[in-house]
Structure formats: structure tokens, C-alpha cells
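There are 2 protein chains.
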Amino acid sequence: MKKILNSPDSYVDEMLDGLCAAHPEFYAQPEPRVIVRAGGKTPGKVGIVTGGGSGHLPVFTGYVGKGLLDGCAIGNVFASPSAEQMAATMRHADAGAGVLRLYGNYGGDVMNFDMAGEMVEMEDDIASTTVLLADDVASAGPEEAAKRRGVAGMVYAFKIAGAKAEHMASLDEVTAVAQKAADACRSIGMALSPCTVPQAGKPTFEIGETEMEMGMGIHGEPGIWRDELKPADEIVDEMMERLLADMPLGQGDRCSILVNSLGATPPEELYIIYRHAKAVLDGKGVEIVMPLVGRYATSMEMAGATITLCKLDDELEALLKAPCDCAFWRV
Amino acid sequence: MKKILNSPDSYVDEMLDGLCAAHPEFYAQPEPRVIVRAGGKTPGKVGIVTGGGSGHLPVFTGYVGKGLLDGCAIGNVFASPSAEQMAATMRHADAGAGVLRLYGNYGGDVMNFDMAGEMVEMEDDIASTTVLLADDVASAGPEEAAKRRGVAGMVYAFKIAGAKAEHMASLDEVTAVAQKAADACRSIGMALSPCTVPQAGKPTFEIGETEMEMGMGIHGEPGIWRDELKPADEIVDEMMERLLADMPLGQGDRCSILVNSLGATPPEELYIIYRHAKAVLDGKGVEIVMPLVGRYATSMEMAGATITLCKLDDELEALLKAPCDCAFWRV
Numbered sequence: 001m002k003k004i005l006n007s008p009d010s011y012v013d014e015m016l017d018g019l020c021a022a023h024p025e026f027y028a029q030p031e032p033r034v035i036v037r038a039g040g041k042t043p044g045k046v047g048i049v050t051g052g053g054s055g056h057l058p059v060f061t062g063y064v065g066k067g068l069l070d071g072c073a074i075g076n077v078f079a080s081p082s083a084e085q086m087a088a089t090m091r092h093a094d095a096g097a098g099v100l101r102l103y104g105n106y107g108g109d110v111m112n113f114d115m116a117g118e119m120v121e122m123e124d125d126i127a128s129t130t131v132l133l134a135d136d137v138a139s140a141g142p143e144e145a146a147k148r149r150g151v152a153g154m155v156y157a158f159k160i161a162g163a164k165a166e167h168m169a170s171l172d173e174v175t176a177v178a179q180k181a182a183d184a185c186r187s188i189g190m191a192l193s194p195c196t197v198p199q200a201g202k203p204t205f206e207i208g209e210t211e212m213e214m215g216m217g218i219h220g221e222p223g224i225w226r227d228e229l230k231p232a233d234e235i236v237d238e239m240m241e242r243l244l245a246d247m248p249l250g251q252g253d254r255c256s257i258l259v260n261s262l263g264a265t266p267p268e269e270l271y272i273i274y275r276h277a278k279a280v281l282d283g284k285g286v287e288i289v290m291p292l293v294g295r296y297a298t299s300m301e302m303a304g305a306t307i308t309l310c311k312l313d314d315e316l317e318a319l320l321k322a323p324c325d326c327a328f329w330r331v
Numbered sequence: 001m002k003k004i005l006n007s008p009d010s011y012v013d014e015m016l017d018g019l020c021a022a023h024p025e026f027y028a029q030p031e032p033r034v035i036v037r038a039g040g041k042t043p044g045k046v047g048i049v050t051g052g053g054s055g056h057l058p059v060f061t062g063y064v065g066k067g068l069l070d071g072c073a074i075g076n077v078f079a080s081p082s083a084e085q086m087a088a089t090m091r092h093a094d095a096g097a098g099v100l101r102l103y104g105n106y107g108g109d110v111m112n113f114d115m116a117g118e119m120v121e122m123e124d125d126i127a128s129t130t131v132l133l134a135d136d137v138a139s140a141g142p143e144e145a146a147k148r149r150g151v152a153g154m155v156y157a158f159k160i161a162g163a164k165a166e167h168m169a170s171l172d173e174v175t176a177v178a179q180k181a182a183d184a185c186r187s188i189g190m191a192l193s194p195c196t197v198p199q200a201g202k203p204t205f206e207i208g209e210t211e212m213e214m215g216m217g218i219h220g221e222p223g224i225w226r227d228e229l230k231p232a233d234e235i236v237d238e239m240m241e242r243l244l245a246d247m248p249l250g251q252g253d254r255c256s257i258l259v260n261s262l263g264a265t266p267p268e269e270l271y272i273i274y275r276h277a278k279a280v281l282d283g284k285g286v287e288i289v290m291p292l293v294g295r296y297a298t299s300m301e302m303a304g305a306t307i308t309l310c311k312l313d314d315e316l317e318a319l320l321k322a323p324c325d326c327a328f329w330r331v
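Line by line, the protein sequences give chains A and B. The opening position of the first sequence corresponds to residue 1 in our numbering, with each subsequent residue numbered one higher. The opening position of the second sequence corresponds to residue 1 in our numbering, with each subsequent residue numbered one higher.
There may be inaccurate statements among the hints.
Since the list can't tell identical chains apart, any single copy or any two copies may satisfy a pair.
[Stated by the list, open to error] Below, in silico cross-link-like pairs of lysine to aspartate or glutamate (EDC-like), each with a Cα-Cα straight-line distance of 16 Å or less:
1) K2 with D233
2) K41 with D114
3) K284 with E118
4) K2 with D246
5) K2 with D227
Just so you know, the hints here were simulated from the structure itself, not pulled from any lab data. Only a predicted model underlies this, so the values are computations on that prediction, with no experimental measurement involved.
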């Protein structure tokens, strides 16, 4: 296992210690595996929390910051945090206006975070809501869209809901716009290589030296097909086709697009992907607003990329362009 | 070769097209392989240009932007741009106050860029100076410091010289502070895996499944030793020891530190490295100013990390903290 670490067991905690030590202006860790904004709470603001397994930086913890999230519960690599951790995160994030739990649609997270919601409602009288991100079109068909996994589209939901909360909107309003953002996103991924979970010590999946997998999930969940690696433009054509089949866009529509590396894939390749994805959207008369290219949602050292489209209306566009600040993203 | 590309021959140009298409507010390409600021020139400001091979994003091209560089000449992957390309870049960057060439100490670049300086002096009457970055302590001993390679320390030099030029300092003043920043930086790297140059189609070097190499260069240049991968803290101890042997720091000294991924190494591991590097500096009473953790100077999908220390005085600190803006770094 080629990783720079001291021990698989200390990986997550040392990572969080380093994160907070490097960026004390952004992140604080009031208790283990709970990250909140260093600047403290804004009384009366809706709190937005997320949570999930480690190994996806900047997702999830990295997006705690002004105009983004208020808190994050962190699990082991690719493993859900506990209900107690999420409950603690919600208590830290509550500033009197309730808390939105905004996270990816994975079974363990849903179970634990629902339980956390009940705990803080009963014990602390904190009102809370849930919005699940389920943007991966490769993980289930449109008739089963509620079963889809949450992937890079969550970045848009964090940004848009975070901006709404910063405007001192109510819990219902923040929840509604978070759901609207979640509904506006479609993602698809392709992978070239696996990553290694430190505590497992072996790759998450095996793939041939010249193969790629279309539609693979960020933890190595099976995709749509696996075959020889294709030229970039062909890969992008298929990804865009599958996204646009699920959420048609045409003349006069506006969208943001996120071309995201799963980790090892360098920005050079992301720009080659962006170049052709833009040509596809240009060809349909779709206006691109605030394109994002980089590492926004990763799986450690996995090679591959995802494309997310976020269809915008005036409200979503204004919130997407509103200021935000964390160690990984500033608007 | 597991890369998302159309053809090795179109890799660099498609990457640059995508970069400019994704970030038209930052980058413009007035002629092939020449990137300049999208906003145009500031009359009377010293121009700062750099250049080098592709495959190191954000280095070199990514750092064209306000408070940073004015132009960049881009070669093929890991290959020097031509003298003509650098001359063209200098012409675009000259705003009447002369041009500083600020780049890494590699033979091909030095030869071509010196020639470019002579060309624009003779043909265009543009005054120019050179500052070479030579921060890699693993590449030559202190008695041969001028032979050292330039690696991630160039990020500090770009930032500091860029801020000075933005203050409308003269060419001599910008050159002097660039040299001062270059002299204040020491870097060392360690690699876990190679990367693949698209046109070569095979890895830049071979390394065993459980091995690491200390002191390896960003193109796979041989390092100090190769052996079994060690725990993170031991790796960091040796890297810091070698850096501090070359540039002692102690009680009352201030420095910035850059913990940089060579590409595939994820931020999780960088924070584990930062955590211990900070402990080493804390133990010596050294004050850390504006630590940087991320991918600042890479070799495509190479796994590994570098540590750079930049010793600061009041002038360097103020310039380091001055505003800058490009697609990869905003202060």
C-alpha cells in the first residue's frame, strides 16, 4: 500500500489534526471527528451539516466554511460516522434556527443521520430536516432516481444551500432550495484505477491495465460497462449523452458544469475533458455559468473523472455566485 | 497508458484550450503555447514571465494572474519551450518597464530563455533580467547550490515577485526581491510512483511496489536513497532535517511552509505530513506564517510529496500575504 501515513488506525485523526492546524482560520474540531467553522456560530442562522466517510477531500469536511456548511461528522475511510457523532455535529451547528442535514444517499449514512435527528429533537429540542443528494445517473435509472448515490453534485447543493442560509433564510426555505439544487444536478463518473482504503490495505477493485469503467461509483461501485480505454472526446460524448438523456438541456437553458478529478487524474486531463464538454453544450445552445474544473469530490488516489451538470434558474445562479470561503474553494 | 486524452500530440494544445475556455477571466492565449493575463497589460508595470514543460499544473501556466505572473511559455510535457515562444511571451508581457524571466533551473530552459532575452533586446529593445529557482536541496550539495533544480519553491518566488511588480516597482527592484525569495526557499521531495509522459507512453521511472525514493526530482531525477516505504513521521523528520541542515531556522525565525502533492497523493496524506512538519518547526520555536497545503507544483499523476520552507523577513512576508488571483490560488 503506497500511502504516506503512520498507521491505518491513526489516518483519519491525524488528517483532521493536520487540517485544523493548517487552516485554523477555517476549521475547528470541538470533539473528535466533528469539524465546525472556526469563527463560531451566527445566532439565528440555520445550521447546515453533512457527514460521511473520510477519503473524499474536499468532500465532506473541506466544505465547512462561510457561505457553505456549518459542521461535518467524519467517519473512517469510506465508512459512515455514528449517529452520536452526527448528533454532536448538529448540536454544535444549531444556532437557534434549526439544522439541515445535507448529504449523499448512502444506506449507512441515512440510518445514522435519521437517528441523530431524532436524538437531538428529543434531547435538545433542535428542529431538523434532511435533503439527500442522489445525483449519480449511473447508479439507478430515472424511474428509481431515489435510489441513486450522491456524488459530486453535492458540491452545488452545499454551495447553494449555504448561501441561502447566510441570507438568514428559515429552515424551510433553506431546505427547499437545497432540495431544488439537489434536483437540478446530474452526475456520472468514469474510473481508470482503484484506490486503497488504509485499513483494508488493498485496492477497492481490480481493473485491467488498459481498461476503463463507465459509470463507476466513487467507492468502486460497479458501473455501466467496462472496456478498453477510449479517446477523451468519445468518453465525454457518452457521459454528456447519459446526463442529458436524464435531464434535457437546450437552447436558452443555463447550467454550471463541474469536471471533477477522482484524485490522481491531473488537471491537464480535466481541461481536455472540459474543452469537449463545453463544445457539446455550446452545440446545443446551452449557456455555461461558472464552470468548475478541479478536485472537488475525490476518492483518495483513484484515477478517473466525473462530470456534473447543475441546471440553473435565477435563484440558483445567484446563490451559486454568492461569496463562500473555505480552504478548498473561494467564490 | 491510463490517461484521459485524445492523442499524445494534441495533449498540450487541448489542455491549454480547455484552460482558457474554463477560465476566460484569467487566461488568454494570444498565440499557440503562450498564455497571458486575460485582463491585458498594466502600462508601466514590470512584466514577469516564466516557462517550462507541461505536466506540472498549476506550475507554470496556472500562476499567470493578478499579483502573480504576466505570461508563460509552454513546452511539451517535461520539455522546454523554444526561444521563439519565450520571446513572444516577453513581447506580450512587456508594458514598458522591462521583463523578469523567473523560472526553474533546467538546462534546456536556461539556454532557450537566455536566447529569447537577447532576441527581444535586439529586436524590440525590451530590457530583461533573469532569476533562476534552484531550491531542491536533494539535487546538489550546498557548495554547488547553483546547480540545484528548481521545484515547488518557485511558487513563493512567483507570489512575492508578482506582488512587488503589482506595486509598480522597477525591474531592478522586482528582480532583487525575486532573487531574495529564491534564496529564501529550500525544497525536498519524495516519490512513491512515476508518471507517464503521453508522448513516451511509459512511466518515467520504475520503483518497487513497496518502495519510496527520498530526494527524487519532479521528472523522476534520481534522489538520495531508495528503500522500503517508511512511516509518515519518519519521512517528514528526514525531509525537515535535510532542509534545516541547509537553511537553519530557530527561535524567533519565521517561515512559510508548502506541503505539496506531486499529483496522485491526496490532501489527506498532505495533512498527515503537515501535522508532523509543524510539530518539528514548533519544537524549534519557528513561527509558521501562511502555511500552504495542496497541489501547487505537480508531475501529472506522480505519487509523492515535497516540502518547501521559505524563510521570511518583513518584506517577504508582506509580499507573500498581498492579494493574488488565478484559477488555482487566491490570496
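Broken hints, by number = 2, 3, 4
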